[in-house]
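*Asks:* Residue numbers (this note's numbering), protein chains in the order written: chain P, 1 to 299; chain H, 1001 to 1299.
Because the hints were derived from the structure by calculation, they are not lab data.
There could be a bad hint or two in this list.
Only pairs whose alpha carbons sit at most 27 Å apart, straight line, appear in this in silico BS3-like list of lysine-lysine [as the list claims (entries may be wrong)]:
no., chain 1, residue 1, chain 2, residue 2
1, H, LYS1225, H, LYS1018
2, H, LYS1276, H, LYS1162
3, P, LYS225, H, LYS1202
4, H, LYS1018, H, LYS1202
5, H, LYS1015, H, LYS1253
6, H, LYS1202, P, LYS202
7, H, LYS1018, H, LYS1276
8, P, LYS253, P, LYS18
9, H, LYS1225, P, LYS202
10, H, LYS1225, H, LYS1015
11, H, LYS1202, H, LYS1280
12, P, LYS253, H, LYS1253
Treat the numbers as computed from the prediction; the structure is a model and nothing was measured.
2 protein chains.
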Amino acid sequence: MSVLVVGSTALDSIKTPKAENPRLLGGSASHAAVAASFFAPVKLVGVVGDDFPRPYVQLYERHGIDLAGLQRVTGQTFHWAGEYEVNMNNRRTLTTELGVFADFNPVLPDAYRRTPYVLLANIAPSLQSHVLDQMQRPRFVIADTMDLWLNIALDDLLELLKRVDALVLNDSEARQLTGEDNVVVAARRIHQLGPRYVIVKKGEHGSLLSGPEGRFICPAYPLEKVVDPTGAGDSFVGGLIGCLATARGSVEKALRRGMVHGSVVASFCCEGFGLKRTTKVTRDEIEDRVARLQAMARI
Amino acid sequence: MSVLVVGSTALDSIKTPKAENPRLLGGSASHAAVAASFFAPVKLVGVVGDDFPRPYVQLYERHGIDLAGLQRVTGQTFHWAGEYEVNMNNRRTLTTELGVFADFNPVLPDAYRRTPYVLLANIAPSLQSHVLDQMQRPRFVIADTMDLWLNIALDDLLELLKRVDALVLNDSEARQLTGEDNVVVAARRIHQLGPRYVIVKKGEHGSLLSGPEGRFICPAYPLEKVVDPTGAGDSFVGGLIGCLATARGSVEKALRRGMVHGSVVASFCCEGFGLKRTTKVTRDEIEDRVARLQAMARI
Chain P
1 MSVLVVGSTA LDSIKTPKAE NPRLLGGSAS HAAVAASFFA PVKLVGVVGD DFPRPYVQLY
61 ERHGIDLAGL QRVTGQTFHW AGEYEVNMNN RRTLTTELGV FADFNPVLPD AYRRTPYVLL
121 ANIAPSLQSH VLDQMQRPRF VIADTMDLWL NIALDDLLEL LKRVDALVLN DSEARQLTGE
181 DNVVVAARRI HQLGPRYVIV KKGEHGSLLS GPEGRFICPA YPLEKVVDPT GAGDSFVGGL
241 IGCLATARGS VEKALRRGMV HGSVVASFCC EGFGLKRTTK VTRDEIEDRV ARLQAMARI
Chain H
1001 MSVLVVGSTA LDSIKTPKAE NPRLLGGSAS HAAVAASFFA PVKLVGVVGD DFPRPYVQLY
1061 ERHGIDLAGL QRVTGQTFHW AGEYEVNMNN RRTLTTELGV FADFNPVLPD AYRRTPYVLL
1121 ANIAPSLQSH VLDQMQRPRF VIADTMDLWL NIALDDLLEL LKRVDALVLN DSEARQLTGE
1181 DNVVVAARRI HQLGPRYVIV KKGEHGSLLS GPEGRFICPA YPLEKVVDPT GAGDSFVGGL
1241 IGCLATARGS VEKALRRGMV HGSVVASFCC EGFGLKRTTK VTRDEIEDRV ARLQAMARI
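Work out the full structure: start from the sequences and follow the hints.
*Replies:* In structure tokens, the structure reads:
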């Protein structure tokens, strides 16, 4: 079954202690859509300006991503520039130029409205809700978010949470949202806000699923070298929902399998700047790394 | 088969934001010996002063711990006092009074010298080596350490590392020892210093085994409440070697199983001050939690 992905489509200028890469293809929807495309057909919803490079459109197309929902308007594409410190864990934003993204109003083509799996990748929660308003009884909805929305759009986010099946957020965001320092307790509290499933991302330490059937501790694939972690979280959730859309059996089992696959796609994402490594990966390489990760986590 | 445990035997005064507990039974050897005793017979090597409370001796005895190697000398027992911050991750030392520990010279009773499994719990690496000098062809030797010895006794530690099968240390210590920020690479580098097996502890994020057969990602048991993490690392390595001493099959498989059991004993340790919770646990409760952890980690 297919997956609808809405989020940001951006140009990322990424500086690390070792290299500088201007105007890479980035944004939450780009990373998530490419990650999901390894497993299921993807429909993209986003907006780009008239400066958006043609090769990036072709990149989406090579991954079979449906672009009927990608608006192309006059103006500049959303541009983000950031710099990582030596240990690659801390980053600071150098520039945020919203461009055409400032007036983004996601309008779904008719053919998109019955997509069974919906990923509301990281954008303003009011836009995420607006997309849900246009959907016809989706089977499973996952929302991702970030600290920015907890700070400036908390009420919108709380409204959204009543309408989603799963929320994905990182550990510090889970703490901020609940005021609870213990991540296990924080995940439990978030259920009370709406989502039946809560997935807490912990970067290199993996992720934790909390749901009605219990918890799942998902390991991260141990990497010897991280080139650029930008988009790793988006790749994780993209791989997760793509895998979920093709799964049979119980939701909980499918989520476990999806998280492991998402974790592996995220590991590839970290091995190159922007989408450079992810777009070169094959499904076989993903399954090979999944098998290795399973072997490493086998008790 | 039995386990020899050498390390510190101390009185710990522990302050948290919620409570204060003076002169609890503590020290690396106490935590490790009690943890190991759930799985195998334990022989303790340590030193206490004439102020060491009789109930603490009885506590060791209730766990069937052989005390022939516990020296009782005139003077004060090693006393450590520390305080935890609200999130229980940061602690600061308030007092360190070495007492009789300052002149500790571990001398092994004859009956100890052929013990097949040896845990060199956290003490000065020169003392750890001195214990090894007295052993007759042990089957498997694990050494634990701490940042203090990296700072003041690095040469002694490097000498020791050539003689042990496994080194256990936490992630920041692995980074410090190798000058390598990536923990996976750091573990690999430590093999070159001697140990065939390297176990990196990551607190609430679990631990990582690196060995000739590959890696094992060991999850931590997710706790909703941490009362006092003092001794959790010692409990982990104690449970690990106790479990290892009773295992059949390959070393690597036994280490995986041992790490999971150690992880569970450590989780109980965190649920009470000092050894209060650990000493109340039954083997059945440990196996029950191991089964839960296995279910949570199953992909």
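*Asks:* Hints first: check each against the structure and report whether it holds.
*Replies:* Structure-based check of all given hints:
no.: 1; hint: H/LYS1225 - H/LYS1018; result: holds (12 Å)
no.: 2; hint: H/LYS1276 - H/LYS1162; result: violated (36 Å)
no.: 3; hint: P/LYS225 - H/LYS1202; result: holds (19 Å)
no.: 4; hint: H/LYS1018 - H/LYS1202; result: holds (25 Å)
no.: 5; hint: H/LYS1015 - H/LYS1253; result: violated (39 Å)
no.: 6; hint: H/LYS1202 - P/LYS202; result: holds (13 Å)
no.: 7; hint: H/LYS1018 - H/LYS1276; result: holds (16 Å)
no.: 8; hint: P/LYS253 - P/LYS18; result: violated (40 Å)
no.: 9; hint: H/LYS1225 - P/LYS202; result: holds (19 Å)
no.: 10; hint: H/LYS1225 - H/LYS1015; result: holds (16 Å)
no.: 11; hint: H/LYS1202 - H/LYS1280; result: holds (26 Å)
no.: 12; hint: P/LYS253 - H/LYS1253; result: holds (26 Å)
Hints 2, 5 and 8 from the list above are not met by this structure, while the remaining hints are.
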